[in-house]
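Protein chains: 4
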Amino acid sequence: MGHMINIGVIGYGYWGPNLVRNFMDLPGVQVRTVSDFKPELLAKAQSRYPTIQVTTNCKDIFADPKIDAVAIATPVSTHFDLALAALQAGKHVLVEKPMAVSSEQAMRLIEEAQKRKLVLMVDHTFVYTGAVRKMRELITTSVIGDIYYYDSVRVNLGLFQHDVNVIWDLAVHDLSIMDYLLARQPYAVSATGINHIPGEPENIAYLTLFFESNLIAHIHVNWLAPVKVRRTLIGGSQKMIVYDDLEPSEKVKIYDKGITVNSKNSESVYQMLIGYRAGDMWSPHLDMTEALRTEGLHFIRCIEQGERPITDGEAGLRVVRILEAATQSVKRQGRLVELDLERVAA
Amino acid sequence: MGHMINIGVIGYGYWGPNLVRNFMDLPGVQVRTVSDFKPELLAKAQSRYPTIQVTTNCKDIFADPKIDAVAIATPVSTHFDLALAALQAGKHVLVEKPMAVSSEQAMRLIEEAQKRKLVLMVDHTFVYTGAVRKMRELITTSVIGDIYYYDSVRVNLGLFQHDVNVIWDLAVHDLSIMDYLLARQPYAVSATGINHIPGEPENIAYLTLFFESNLIAHIHVNWLAPVKVRRTLIGGSQKMIVYDDLEPSEKVKIYDKGITVNSKNSESVYQMLIGYRAGDMWSPHLDMTEALRTEGLHFIRCIEQGERPITDGEAGLRVVRILEAATQSVKRQGRLVELDLERVAA
Amino acid sequence: MGHMINIGVIGYGYWGPNLVRNFMDLPGVQVRTVSDFKPELLAKAQSRYPTIQVTTNCKDIFADPKIDAVAIATPVSTHFDLALAALQAGKHVLVEKPMAVSSEQAMRLIEEAQKRKLVLMVDHTFVYTGAVRKMRELITTSVIGDIYYYDSVRVNLGLFQHDVNVIWDLAVHDLSIMDYLLARQPYAVSATGINHIPGEPENIAYLTLFFESNLIAHIHVNWLAPVKVRRTLIGGSQKMIVYDDLEPSEKVKIYDKGITVNSKNSESVYQMLIGYRAGDMWSPHLDMTEALRTEGLHFIRCIEQGERPITDGEAGLRVVRILEAATQSVKRQGRLVELDLERVAA
Amino acid sequence: MGHMINIGVIGYGYWGPNLVRNFMDLPGVQVRTVSDFKPELLAKAQSRYPTIQVTTNCKDIFADPKIDAVAIATPVSTHFDLALAALQAGKHVLVEKPMAVSSEQAMRLIEEAQKRKLVLMVDHTFVYTGAVRKMRELITTSVIGDIYYYDSVRVNLGLFQHDVNVIWDLAVHDLSIMDYLLARQPYAVSATGINHIPGEPENIAYLTLFFESNLIAHIHVNWLAPVKVRRTLIGGSQKMIVYDDLEPSEKVKIYDKGITVNSKNSESVYQMLIGYRAGDMWSPHLDMTEALRTEGLHFIRCIEQGERPITDGEAGLRVVRILEAATQSVKRQGRLVELDLERVAA
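From first to last, the protein sequence lines stand for chains A, B, C and D. Counted the way numbering that gives the first Met the number 0 counts, the first sequence spans residues 0 to 345. Counted the way numbering that gives the first Met the number 0 counts, the second sequence spans residues 0 to 345. Counted the way numbering that gives the first Met the number 0 counts, the third sequence spans residues 0 to 345. Counted the way numbering that gives the first Met the number 0 counts, the fourth sequence spans residues 0 to 345.
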């Protein structure tokens, strides 16, 4: 390549400053413009990074021919319009999760990016952490064996959102991690939940995801918990994982535990002999690079090399489809909602 | 009263020895006879307690006029026949949980006990622990406020049962604790689960219980987990509880945390102002008396004073109804199964 | 007052940026100049705070009549010369801990500040945390009772210092916290330690501090530990405290535990009847304000109101005396080194 | 061999029942007689084990020609007289730790056992746990590398002893574990401590042990702590160990952490370049056999095969010498007390 990649960042609220900081640290990359509705946020950006241009009108970013790519860190309801406009202006796009408020919107963005041969990447940040990448390695190299279940708890006190329920706010993390780790799609969802504030979205939800194989997944999300928990159990035929994101260092523990089934037991045709295996535990050292740095490097590489991002528009769409289905199921108190696998795979 | 209460214990496998040991320690109580199919278990009982009679035929217990009460610690499929026979022989009954394999059986036992004015008690052991009794006190004295949710995780590696699924084996504990703590009945259940060994019962299950009030409950049970977890979160409008039964001493922690909702906010008709409150945490000292001793004393008192047990046949029936409904829902992948509240209340 | 307090900060390595950031956030305060030997660090300061002047010559700070106060965040060997020069230039001084490399130096600084009626404050940061202030409150209001012992462990892997041993690097924190909490001085020290790298300072040390009253203190510091520990036990006649600074929220736990001694036992003249008391545990909500902000406000207030800082030069001197004595004792394998209490009190 | 080994157990208070239970479970072994001053304890023994003879006079055990070996679980002040009498009666001896109240007594017992070619074993129980045996294996196979330090904390609330201080009660465990793991003797001790009840022995103590090599050891024991801690850090040149005996399963964790020292750094003759290494953590599966069973099997094997026990009289003596020296040092506030290595080695 050789030329500097110029980025425009839309939204400088909670997440935008992290995007700007990481892009500014990457070699061969600079943030050219930051836009936000709030002038006071732009003032903070300018004071911190005197070389960056700021604007309250994001169209300035789309119109700037020097800008190669746009990162969107705004409320989810605005993702579609902003990402579409960026793509139509010929910019590569990195959009916050969830990618859009509906699978229709997500598909429209994928289509637009494909047509224009632009990179469309979704900011599924956890996928780029050392912990998740290590687990992916353990799964793809068959250390874990067949995956039996994926169980995640993501609870804490606050922040209650007004526009989306707790599934769109918190379960989206687990769904994006699962999408990357399992490389398989659920065919249906059963979800339950409750809102404790009248008129507000659900603040507690439980999702069960059904897969064709011998696999089940469950996600528990809650904005009203007395303690913060970020804990995932992954059961496999060879090993089992406990992934605790709140541990300062040993986030991933691999247990050489499981069952052995002896089906050749002739004494009884009705019953399996089950044995229990308990061996060593092992916690691999993890790459502690900030996920957003790894992700930023990947985004730049995809732009420069024309590669497909790990968390591309399709990944974003798969996650949005499950969010939609889960929200439907919650409204119907756990009624199974099927996911159209062909459309997902298409 | 004055006279010694004589107990017959049926079943001397895993739990029977605990029943015998505790009854033998109570003042005014003695275990007169222990029965079991396996002579080697009876030999152990006799060596440990030379004064106790043993038999491989439980009818010897029913036929013994000196025996006042029978404790049944056998596989669940035998509970009904043994408890019915004991009641028909005029004995008070303490039966292991779950009380029976169906609500029909449970109702028949209740009816028989009522007719004969005998005590019918179900061994919901956790109800008699210091931790659960303390939580009940906190809830009934309004320290916790309105209960918003009850969320329990009870997972470990093994023991896989062949005759009942993980709901009947593990969730029964949570349901019996909830029945005591909440003093309210769910109107419906949505449950999901999976069996990882073909032909065997479900080894993982997730239950959501719906209540008429602003309350939801969820139970996660698993025989195939790499770590042992026994953790319950209870969210209330005033306080929130974390109950971790594996903690050696501070099993119950009460958090002065929660949300405050300001609905008088005139700026917006659509949106609540939510505030977050984080105050002290407090862990009360707990009575560490062995639950089975407290329970044994209660059983004896109910016999002597004609009182109704806390965990009476009705409590056993309420739990069995939910176990039945949850198992049905699992078969239908989360389909809502309603509980006939009138029958439950009747 | 009315006028803006101008600060000069000397040293912009590890700690200096925290000082600058916090002073810049305080109302009525501004950092006017930052000095450091390394131009690249000054470039970072200037990029972050365009309004601040930078210089590689700290004499520019002393010579600037607009500067009211100087904060010194340089290696300990330079503290004395810089602080003395600042005081002689009529500036108030906030100096990093440990205050100086010897008690002679510390006393000279105290004298100079007194003569010139300037504020001399030592940056014993932990004293200004919510956790330590809460413990001080619990101790001064007699909640804890008579203090029986103070035991602290402060270990981790790295960073090995070349100019000072682990006592001057890590135990200084515990000594400054103790100085504030106990409001009493030890009369002697016995310390042991070892250096695992030939020619380098001790990387492990154990300090026992003896007090006139029924109190003992012990500090364990280690640069070569596999895990990070920051845990203090404080035993009192009424309550006992566990202070774990690595806990995200419940850093301070108060245990209603202890012993009761019945000395009126007439049966035996030789032996006390000891009872054990185990009650509730309680973890108070803590003020989570950054310690350096609280400390900065206190420094400014002392300048404006002519008040004496909590962590004044005398506090810095008391800590340095113990550091000196402990280092002497380590050289002599635990030999008791007495602290000259009169000189300390003087 | 062929013939049944007959054991006499003296003392049926806290530890005696564990000895009896374990010996009764061993193949080829039986407990023939139990003696205790208290008839009510003997009644418990007889009810539990109807085949065992009981006596209030321990001389009956010494006089019984059918008894091969005697296990002594009485207060430490009685160990010498009982063990000597047992040896003089030609019995093999297993004696509780600490072996005796003085090294003179310990040496006399060793001499007597040698003269009579009898097994003299000290019940250093922890040496026979799966955790300690695994650590020994890791150390002897050079996995850990050179040992840099051994640091142990053993604190809890109670039980205050009246006849021995906390060193003889609790540090004896750490000293016996260290004796086995390090296979090296300290040349001197510096210890400090305090008694909070007038006239009673020290209830808190800190011991530093000095070794000829680049090794230091420290033990912290306390009867007046709000929480129970049983945690040992072992630092080595290759790996570091955290041994937490309160963990239900992962008691031993091995950290691939440490420092690398580059002394060839030509830039500076005064200073080492220190690098930090942080790799995986690993927790080996441990043999969970009850330590006393493993120890009982070892005792029987030593009797039958004429082998020397791992925890022989010499091991008991080495531990007692350190207990003596530490107690002397405490009285002199940390003054170094040298251990006569030649006498120890003799």
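Worth double-checking, as some hints may not be accurate.
Derived DEER-like restraints, expressed as beta-carbon distance ranges [said to hold, decoys possible]: (1) C:Gly157 x A:Thr288: 18 to 24 Å; (2) C:Met3 x A:Glu306: 52 to 58 Å; (3) A:Gly305 x C:Met3: 35 to 41 Å; (4) A:Thr288 x D:Met23: 54 to 60 Å; (5) D:Met23 x A:Thr140: 47 to 53 Å; (6) A:Asp80 x B:Ala182: 48 to 54 Å.
I should point out that these hints are in silico values taken from the structure, not numbers from a laboratory. Note that CB positions come from ideal geometry on N, CA and C, so glycine has one too.
Taking the hints in turn, this is what the structure says about them:
1. Taking the beta carbon of each, Gly157 (chain C) and Thr288 (chain A) are about 19 Å apart, inside 18 to 24 Å as hinted.
2. At roughly 54 Å, the beta-carbon separation of Met3 (chain C) and Glu306 (chain A) lies within the given 52 to 58 Å, and the hint holds.
3. A beta carbon spacing of about 55 Å between Gly305 (chain A) and Met3 (chain C) contradicts the range 35 to 41 Å that was offered as a hint.
4. In this structure the hint that Thr288 (chain A) and Met23 (chain D) lie 54 to 60 Å apart at CB holds, the actual value being about 59 Å.
5. For Met23 (chain D) and Thr140 (chain A), the hinted distance range of 47 to 53 Å is satisfied, since their beta carbons lie about 50 Å from each other.
6. One distance hint, 48 to 54 Å for the beta-carbon pair Asp80 (chain A) and Ala182 (chain B), holds here, with the actual separation near 51 Å.
Going down the numbered hints, you'll see the structure goes against just number 3.
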